[in-house]
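Chains as they are written, first to last, in this note's numbering: chain A, 156 to 376; chain B, 156 to 376.
One or more hints might be untrue.
Chain A stretches covered by chain B per the calculated footprint, using a threshold of three residues with CB under 8 Å from any CB of chain B [stated by the list, open to error]:
(1) 165-174
(2) 245-255
(3) 346-354
It is worth saying that the hints were derived from the structure and are not from the lab.
As the structure is a computational prediction, the values presented were derived from the model and not from experiment.
Cβ coordinates follow ideal geometry from the N, Cα and C atoms, glycine included.
Here's the letter readout for the chains.
Protein chains: 2
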Amino acid sequence: MSKGIPSATVSRLVTYLRVLSDLDKAGLTRTSSDHLAAEAQVTAFQVRKDLAYFGSFGTRGSGYSVPGLLLELRRILGLIRPWRVAIVGMGRLGQALADFPQLDEYDFELVAAFDVDPVKIGTTLGGVDVHHSDDLPTVAADKSVDIAFLTVPVDAAQAAADDIVRSGIRGILNFVPTVVSTPDDVRVETVDFLAALKRLSYYLHGQVPAKPDELLIGGSR
Amino acid sequence: MSKGIPSATVSRLVTYLRVLSDLDKAGLTRTSSDHLAAEAQVTAFQVRKDLAYFGSFGTRGSGYSVPGLLLELRRILGLIRPWRVAIVGMGRLGQALADFPQLDEYDFELVAAFDVDPVKIGTTLGGVDVHHSDDLPTVAADKSVDIAFLTVPVDAAQAAADDIVRSGIRGILNFVPTVVSTPDDVRVETVDFLAALKRLSYYLHGQVPAKPDELLIGGSR
């Protein structure tokens, strides 16, 4: 199903889902590609093109049913079953994620946590039992873990990713600011706050009047 | 400087910077748009088009100087001065960010933290003093804060964003899974791990053989 769909389209579908969810919560039942486009900061043509990969939605002139398109997007994105999540690395970030209130709301179910710290192993943090990382394969199988949140220190990331892969888990949400290698059948999505921080730098920098030599960076080469 | 540059280009520049930084650390001095494209998962044409917004880099046939292009990208992205950061909300996530070792490396300097918890106020967490959130305007001015990390609970996010704006801070890195409104001259970048999680769901879902009716979602409408 993911063959040939640009990753940027997938990202935008997630944004459309968020917009539709907000409209739905506000009690609105109809929307348009113009409205979705404005909220997602893209063109209406882009919205229609993105949706067209998956079929024909809505009616020309009368737009989209909010609950209808919401359901279709949830199905396209696979958000129609509870994905079972384990957190690998129960430092502050892992614990913050375990406490995150909206995981359930979005059909992600936290079922296990892992660490190497003997003080944490055997305890319950954020409502889940913390196991030794060595027990990942058995616990992952027992609990049918689909997705691992990777929240270990940088220098432990690749080894932990290897353990996750060996445990049969096919999705990794990587919070560690490093690239981890996995086989082709294991999908890694990265949450890179440093990248967001650098985008912010670009926009703040742009607010400062640029000096003439900055405007000509490389221009005279 | 940011006028007319697509936000997707800005995101890709950040990716190219990361790739160049890795090449530089590995001691390589030359690269090509083909290599940058492969690492960033885009086309070489896209790389050249993105860079062309900012001038003429590299030499046809001999590619780019790694340290040269690295420096140019740092200048374009405004990563040529230490941005002064404050963390607003010192819960687990705020504390995890305060402890994050790579902030300094990337020219972001953590200068203050804020919370409303009397137990935390007056203490030092992650190497910075925690102030009462009411003192944001005075401390932000004293410490010349450029960027605020917003890490408060969801229901406190908009009020905290308003305080940040009133304190003269022009950049917000929003870790709260909600949209905050700010004036046009305050830039908000969002770190949305739930969006990354939903993208992951899409790709995992795609690995499961789809049922015929799922392949036809909306197609017969």
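Hint by hint, here is what the structure shows:
Proximity of the stretch 165-174 of chain A to chain B, defined as three or more residues with a beta carbon under 8 Å from a beta carbon of that chain, is established by the 7 residues found. With 7 residues carrying a beta carbon less than 8 Å from a beta carbon of chain B, the stretch 245-255 of chain A meets the three-residue requirement, and the given coverage holds. Restraint check on the stretch 346-354 of chain A versus chain B: 8 residues with Cβ-Cβ distances below 8 Å, three needed, restraint holds.
When the structure is compared with the earlier hints, no violation turns up for any of them.
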